[in-house]
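Residues per chain, in single letters:
Protein chains: 6
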Amino acid sequence: MTDIQPIARPSGRAADQVREVRLETHVSKYAEGSCLAKFGDTHVLCTASVEDRVPGWMKGGGRGWVTAEYGMLPRATDQRTDREAARGKQTGRTQEIQRLIGRALRAVTDMATLGELQIRIDCDVLQADGGTRTAAITGGYVALALAIRHLREIGALKADPLKEPVAAISCGLWRGLPVLDLDYAEDSSAQADANFVLTASGGIVEVQGTAEQDPFSQVQFLDLLALAHKGTQELVAAQRAALAG
Amino acid sequence: MTDIQPIARPSGRAADQVREVRLETHVSKYAEGSCLAKFGDTHVLCTASVEDRVPGWMKGGGRGWVTAEYGMLPRATDQRTDREAARGKQTGRTQEIQRLIGRALRAVTDMATLGELQIRIDCDVLQADGGTRTAAITGGYVALALAIRHLREIGALKADPLKEPVAAISCGLWRGLPVLDLDYAEDSSAQADANFVLTASGGIVEVQGTAEQDPFSQVQFLDLLALAHKGTQELVAAQRAALAG
Amino acid sequence: MTDIQPIARPSGRAADQVREVRLETHVSKYAEGSCLAKFGDTHVLCTASVEDRVPGWMKGGGRGWVTAEYGMLPRATDQRTDREAARGKQTGRTQEIQRLIGRALRAVTDMATLGELQIRIDCDVLQADGGTRTAAITGGYVALALAIRHLREIGALKADPLKEPVAAISCGLWRGLPVLDLDYAEDSSAQADANFVLTASGGIVEVQGTAEQDPFSQVQFLDLLALAHKGTQELVAAQRAALAG
Amino acid sequence: MTDIQPIARPSGRAADQVREVRLETHVSKYAEGSCLAKFGDTHVLCTASVEDRVPGWMKGGGRGWVTAEYGMLPRATDQRTDREAARGKQTGRTQEIQRLIGRALRAVTDMATLGELQIRIDCDVLQADGGTRTAAITGGYVALALAIRHLREIGALKADPLKEPVAAISCGLWRGLPVLDLDYAEDSSAQADANFVLTASGGIVEVQGTAEQDPFSQVQFLDLLALAHKGTQELVAAQRAALAG
Amino acid sequence: MTDIQPIARPSGRAADQVREVRLETHVSKYAEGSCLAKFGDTHVLCTASVEDRVPGWMKGGGRGWVTAEYGMLPRATDQRTDREAARGKQTGRTQEIQRLIGRALRAVTDMATLGELQIRIDCDVLQADGGTRTAAITGGYVALALAIRHLREIGALKADPLKEPVAAISCGLWRGLPVLDLDYAEDSSAQADANFVLTASGGIVEVQGTAEQDPFSQVQFLDLLALAHKGTQELVAAQRAALAG
Amino acid sequence: MTDIQPIARPSGRAADQVREVRLETHVSKYAEGSCLAKFGDTHVLCTASVEDRVPGWMKGGGRGWVTAEYGMLPRATDQRTDREAARGKQTGRTQEIQRLIGRALRAVTDMATLGELQIRIDCDVLQADGGTRTAAITGGYVALALAIRHLREIGALKADPLKEPVAAISCGLWRGLPVLDLDYAEDSSAQADANFVLTASGGIVEVQGTAEQDPFSQVQFLDLLALAHKGTQELVAAQRAALAG
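Chains as they are written, first to last, in the numbering used here: chain H, 1 to 245; chain V, 1 to 245; chain Z, 1 to 245; chain B, 1 to 245; chain C, 1 to 245; chain E, 1 to 245.
You can trust all of the hints, since none of them are fake.
Simulated crosslink set (EDC-like; lysine to aspartate or glutamate; CA at most 20 Å straight-line): (1) B/K29 x Z/D187; (2) B/K89 x Z/D82; (3) B/K163 x C/E212; (4) B/K89 x V/E84.
Some chain B residues well away from chain Z (every beta-carbon gap over 12 Å; in silico): (5) A14; (6) R152; (7) G202; (8) G245.
In case anyone wonders, no lab produced these hints; they're calculated from the structure. A quick note: this is a predicted structure, and the numbers were derived from the prediction, not measured. Every residue gets a Cβ at the ideal spot worked out from N, C-alpha and C, and that includes glycine.
The following block holds chain H by itself, in its conformation from the complex (with noise of 0.2 Å):
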């Protein structure tokens, strides 16, 4: 990795360090699992839903699924954006967001041994600084695992269907410099952004890099990658605290 300078970046925290990460579990009365993620002021509610029944498509194969939903709460920003069940659809972003988060807590968990359930995580914004996502997947992996632990304990499970814990976490290029977790004013201002979704063993499960001005050069990705590795391990110790607890 190239020298990380002690740059003044916008949040004033050091290029490697990332935010004050709280993961609050049995939030909600009703789930089966449940995890509010607080990446600083970035919060999500994440719910876990086990439902007795998999798509059609799915049907009889003996095989589980693990699915996700995204939304954000009109004022989860500092201009408030319309309702998407106003406006009576999903925007392109928010596809794109619970697709992504989806896939995450997919490629950890095995179907086989999850059975014919399904696992429906809800990914709500309460309000966003920049990392929605991220605080998405490592807080959705929080409530994915709190359910299974729930079918454990209730006898409808007999093994443990996940492999190893998944995190997520933003990375960007702001004045050339590489600097971990984005808040939304450096989000904002940064040459380019990417997300990693990595596995507690440090495999690459997901991996997006945007150029948002000039396109960055393969050295420039791997200081982004290597800061990933770092957040992501704290991530990844945070959760098992939560779990833990």
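Position chains V, Z, B, C and E against the provided structure of chain H, taking the given hints into account.
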């Protein structure tokens, strides 16, 4: 009012006892006013967003507008419900409730004093255990009052357009006896269900009563109204405390 | 009740005077029951359609269902309104009204006696001069009763599932005084507006009262309720005459 | 024309006999022009609404526009059909018919004489027994003519933009023989079905012929056209009587 | 037929001259039948997709179904039009055309011989210079015939359900004279426009004629029909050549 | 990069071999720029439409905009998919892809040089055999460049807003080995799948990598990136040849 027996309601509360009410203010980093209204296990996040333009049909009239939107997170309830944004339309129930909230708040707002501003109240149910619309109105008033205080502090409003507090509570007939502030279990088994929107001075802003089973009598209706007066007085006290805090 | 002054309402009617009501039956060649309900210049065509299957969630329970849909022709009103089918969705107002009609008619129907049949009441406003929802409920009951009579005549029903007639009327405060059965001009300038759904025996099925300007008092509300009792008695008499005719 | 046999049509009418036609005018309290067109048991309520603005693409061109919308009440038919407003979209059939009505009426309107006004014709089928589109055009012309008469009476139009009456009728091949003005039973069993929109002077405005079973010949088509000429002459006479009445 | 003058049409073609027609087959790697129909600069890609289930209302009847869908690429035209998928609904014009294509192809298909199969014809306009619906029908027939040949080759069909070829062409009155196969420039300035769907043996399947300006006469209409017979004979020859090739 | 074995890919191509690529230009009579991009059996028709107005939020800023829409014909694929226009909404996949295409093309366009023009790229998949989004970006660039050349030729643009060519290619891990430009069969059985959008000078514009089965490593990711560099160099050469042709 007929004599209220200390019957054993499912909730164990006295017939005229409101659930524990908490009105937490300043819960949103961005909204001009916000309140998380908790009526027992019913939690509604209310935000007030100020816009400097009114709907098209009001332009140039010098008067303001207050409107509301209502939503419920998919797993706010015991059984997950479909996300309205995914289904592509709001249910009739949602539309009915958000129209009610808007009317209730407009009833205590002097639109000429507000001037050509629109305040949009978003009421999002994070957890639902009955009475979400009454919690939304009660918390929505607090969010509205905070937004107006903010407008006065920044000099955008000379006078206070709010005439008096407004609050709402549900009442019902449970095994023939009038009870106050029904939770979900009580509501599901009630014979009749009524929602009252009352002002601090006891004026009736809105009444909605429905016989779920047999029709009810005028005497029974007056019992419910008396309970509602008691309940909304307590809610108004909580609103004042929250706004003073 | 407070003393009703012989004030000059816009309509010129006495304060407690209902518009001329005509309930014309058998107006549809096809529907199992039909009624064209005319409250003055408000004309609502009500048809009852019998279906031998209930909604999915009721199947196999041995109970029936009554539901309603409401619509208004684009030029039923003074100013043409957009066609809901062309706009691609029903307004909140439409949904609110059709839910109300359905609840009102279900309140007087014994669903076990009806058995696994669904009766769908379509209420289409051909001309609107205020009070369309109350005309729809009053005429919808007649259409429903005719459809049930037809089912009994063809032997599909052994017993009568209708418990008693139900009718609806609006009342309001106009310049401070309670008046019965508001037409559009009166409704537009009323301080308060309430719709009452009452049974022949005087039971309250539904109450919806809204303060359009200042909140109203319990005494005023009781005045409106007394007017509603008088008005619905007259409507029930008209229903009985129509069904006897 | 080939020789018309006195065959026994399902309706019992002579092959060249139109159903009883009634064109009732001034049936709407509000519309600038209105006509309830009855072709036997087919009843279509036609209203004409004048708007003082034309569609955006026509603004400033000094020319007017006539357009039409079509709808059918859910229980206008023997089997109830879903309400288009509830389904959230108009069927292809509805759109096809309303486009046809609009073209037919525009064909006899001089848009320069009309000036920058739009007249919107709403055709709502209260009861359907075949031939709803032809009744809609025939009645829609009367509503349009009444609206134009109203505009002339109030001085909003100096000259008459209507060039001549237009009417429409269906014809078909039933068991190989040409018949005029099919009702629903006849239409369902016809081999071919054609709708003709003709002017008072016999000009062809629109022809739509469809072979439901085997293709038909030019000779057969000319037989249908001859019947249509006879039928529309009778309809034009009825229009003139209605407008004179 | 009246005498056809060698007038100078905008296209420079003789009055009874069809554009250069090319029917390219096997243009899709996947579809059971496919044809790229080119009428001059109008290019329509037609594919036939075989499904082994019929619509619900036909199940168990032993009969098949042929249906069509129509679409136009946004920049198929000189001015880009909005993408229907992005707008969220199909225009009335699209629905009208796809219903016409379906009727035309069903008219030459024996549904009992087809058996319980559905063949879906997709007609997508890659480039539009007038006459897209007639090119779609003409090319759609070729795609359908190829799909049926494929079904016979794999043994899924014992007999040929196609009764005879069907083709379509437009005609119009241009400065008072009948012309064949209008391109977009001619269509825009025509006084009348008619589409004819005729079988190889000259039977009329569908006729749609519209007076764009003044009504036209029976004699004019017969002139158009005569042109259509000439044109569709040429198209049928092209279809046969394409299917033989 | 790890050593690439000459494994037997399903397509029989070498691991680092791109499919036969053809970029056919000027395929649309109307569009300002057009390119039919063929990557083997994947055929995407790309058109560029110039509009002289930018989206509302950009007006008056002196900067231009490039956006993209994506669609797939129903029978572009082996199994027919529902038409998005008929279903009434675009899938999440469609929206994700069209957002990607737009970002990729904007990354190489200087919006200040473009000035207040919008160029809309429509990418319609005529036939799909994997890699449709990469073909769309690669062909979309050619259509965009041709539209800009046209604008320069007619004097609407003084300078060239395009900074350099951009192209896209997919890579994947197939049985553990990195392969370039996956077709549909390969994509369906790949362990990981990544799409790279790279500039002619090798800059990274967009990276999207997804583990379909097990997570992949940084080393594997770098292998894919190296393949992508090779592949996009070849695509850029094809773009330059097409534009020179």
